[in-house]
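Engineer: The lines below spell out each chain.
Number of protein chains: 2
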Amino acid sequence: MKRFLEYLEEYDGALITPGSNLYYLTGMAPQATEERLFLLVVNRDGESVLIAPKLYENEVEWKNVVFWRDEENPYGVLERVLSSLNLKSGKILVEDTMRASFLIHIERFLENYTFYPLSVVTKEMRMRKGEKEIRLMKKAAEIVDKVFYEIASRDLMGKSEKQVALEIEFLIRELADDVAFPPIVASGKNAANPHHSPGERKIRHGDFVILDFGARYKGYCSDITRTVAIGHANEKLKEIYEIVKEAQERAFQSVREGIKAGDVDIAAREHIARKGYGEYFIHRTGHGLGLEVHEEPYISQASERILENSMTFTIEPGIYIPNLGGVRIEDDVVVEKKGKRLTKAERELMVL
Amino acid sequence: MKRFLEYLEEYDGALITPGSNLYYLTGMAPQATEERLFLLVVNRDGESVLIAPKLYENEVEWKNVVFWRDEENPYGVLERVLSSLNLKSGKILVEDTMRASFLIHIERFLENYTFYPLSVVTKEMRMRKGEKEIRLMKKAAEIVDKVFYEIASRDLMGKSEKQVALEIEFLIRELADDVAFPPIVASGKNAANPHHSPGERKIRHGDFVILDFGARYKGYCSDITRTVAIGHANEKLKEIYEIVKEAQERAFQSVREGIKAGDVDIAAREHIARKGYGEYFIHRTGHGLGLEVHEEPYISQASERILENSMTFTIEPGIYIPNLGGVRIEDDVVVEKKGKRLTKAERELMVL
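If you're matching them up, the sequences are chains A and B in order. Going by this note's numbering, the first sequence opens with residue 12, and the numbers climb by one from there. Going by this note's numbering, the second sequence opens with residue 12, and the numbers climb by one from there.
Just chain A, with the same shape it has in the complex (with noise of 0.2 Å):
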């Protein structure tokens, strides 16, 4: 919160409603607050109210509360608050996922304001991972090693994509607070679809199957994937994950305090091109990761973005061939001066 008053010097205030945002401000989380105003009001003096319902009185801590009841509006609240803070005008951040209809009213209040996204400001706080944030991401990231060796370890042959991505959900519930994403399982000639959203098809002998699923531990995100081949590996899949598997490690040797994001994502395309595949590698090579699964710094070609200890981002390049299938190896890496893996499951091609 101190640090965040810092870069608050160039606004004079800040809206700020539940996610990962005020979280990561204030360790608040509250759950279900969807639909009935639950909002911090910053000002660059650092003063703050949070308004909140009156059914989170027994969940929330903080210096100055205001309560509303169901009965009560609670624009009548924050119209109240905002003066008491001198908050009617200005440049005021807003949390990015606030809901419009919640903007809206909130806009009736003010004059001669502009609105900006409060990302702008916590994308560059949030990037930089503190030793307790590393620490949490460590445990993220053992936990979907761990469900990876477990559902590698099960029979997989018969059941339909839907079926093990349930399992796999299911896993992760029992060690971690919640999957981080909904786990994607493409199998086949599904998995030619990076985006693929697991279905009913059911996996055969010969498929190369793409486990793609994340932990989230206290609020820190893992992410992994594993290719696997079922009962048999196809000559030319087996190719193309050799491939794979070598343009991943080059990215990840690659990675150093110092150098561009961009550079990590070319150490891996250069390999796959090279190979005569660079057409069906259609994804950039990773995104960062932390209280959110996609945040900075994103591995992209063009990214400028200059790599410093602490970051912590995934590594995961693939390659799709329409009509046959599909690899991907993901790995989440953080920046210690070189890169070190926090995922480290087996990544040498394991026939099922």
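If you're looking for bench data, these hints aren't it; they were derived computationally from the structure. Remember, it's a predicted structure, so these values are computed and weren't measured experimentally. There may be inaccurate statements among the hints.
In this list, chains with the same sequence are indistinguishable; a pair is considered to hold if it fits within one copy or across any two.
Claimed, not checked - Subject to a maximum C-alpha distance of 30 Å in a straight line, what follows is the list of computed DSBU-like cross-link-like pairs (lysine-lysine):
(1) Lys200 x Lys65
(2) Lys157 x Lys229
(3) Lys348 x Lys173
(4) Lys286 x Lys65
(5) Lys150 x Lys256
(6) Lys150 x Lys173
(7) Lys149 x Lys102
(8) Lys173 x Lys157
(9) Lys213 x Lys229
(10) Lys173 x Lys149
(11) Lys150 x Lys102
(12) Lys173 x Lys229
(13) Lys170 x Lys157
(14) Lys65 x Lys271
(15) Lys143 x Lys173
(16) Lys150 x Lys99
(17) Lys213 x Lys65
(18) Lys271 x Lys200
(19) Lys355 x Lys229
(20) Lys200 x Lys102
(21) Lys213 x Lys149
(22) Lys173 x Lys65
(23) Lys256 x Lys65
(24) Lys348 x Lys134
(25) Lys157 x Lys213
(26) Lys150 x Lys213
(27) Lys229 x Lys200
Given chain A, put chain B in place with the hints provided.
Structural biologist: The following block gives chain B in isolation, referenced to the frame of chain A:
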């Protein structure tokens, strides 16, 4: 969509991002669009343009679509679309759940406009269900009936609330698209909190356990609550159970086309108050149900809303005694002259 245009006459246009309203009006339910602008722009003449990420090219069918690529600025596209639809000022409806960060960008292209939440219009439309909608809601209700019987046939003693909630979720997701909301499992004293989140507490002999869960089937929700006793039913809680059951039945019997929603609440509330537990019934009797778990008509004491045929809502009175426990019984109901239950699982106390 035709009916929507009639409602739209009072406004100059609408900006609709994915969610239950977009699904209701167009049948489109694109997944994972939170981070990328996916927006249907409609003007009062009924002209519309869909702006969608290129990634969704294969999923989307609309007469006029503009796709944008990751390298492009989607707001440049939007500015052109707003011009072409002559929609740069006036009274504009905005999807309630749109991200504030989108709205902040959109505002920069507009002049002399006033925003209104889209729900002002859609809540009126969506409250009265069509035949097909009611058919899907029946199916969603049948699924939770089945899941209740399956869970009641299992040995719950010694399992944690969290474990039972996961089992319920797993069962629902095998039969439906998804859960309608995270299941509530509240055991023993925890059942005194109507919004309890399932935790590590293990279910014990003598507990009353509140099970509250819902399924989403082709977009439509069900929502059921049953309270079961484990091994043995405490006399006091048994007495409370009978009071809640009778209150729920009286509220149900009161449902008739043409009465106020508030009268249904009062039918339950008066019975509970007469039995001396008025102060322990601490929430409204129910809420509308459809594409969302909470929508109009709300069944609360002060509601003047007149019930009409084809409206659907829950009836769910409860009694919550701090340091003892609680009981809630909930069914989904449709108005067809009188009320008709969609959920039909056993309402007599089950001692498992």
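Engineer: Run through the hints listed earlier and report the numbers of any the structure violates, in increasing order.
Structural biologist: Numbers 3, 7, 11, 16, 18, 20, in rising order.
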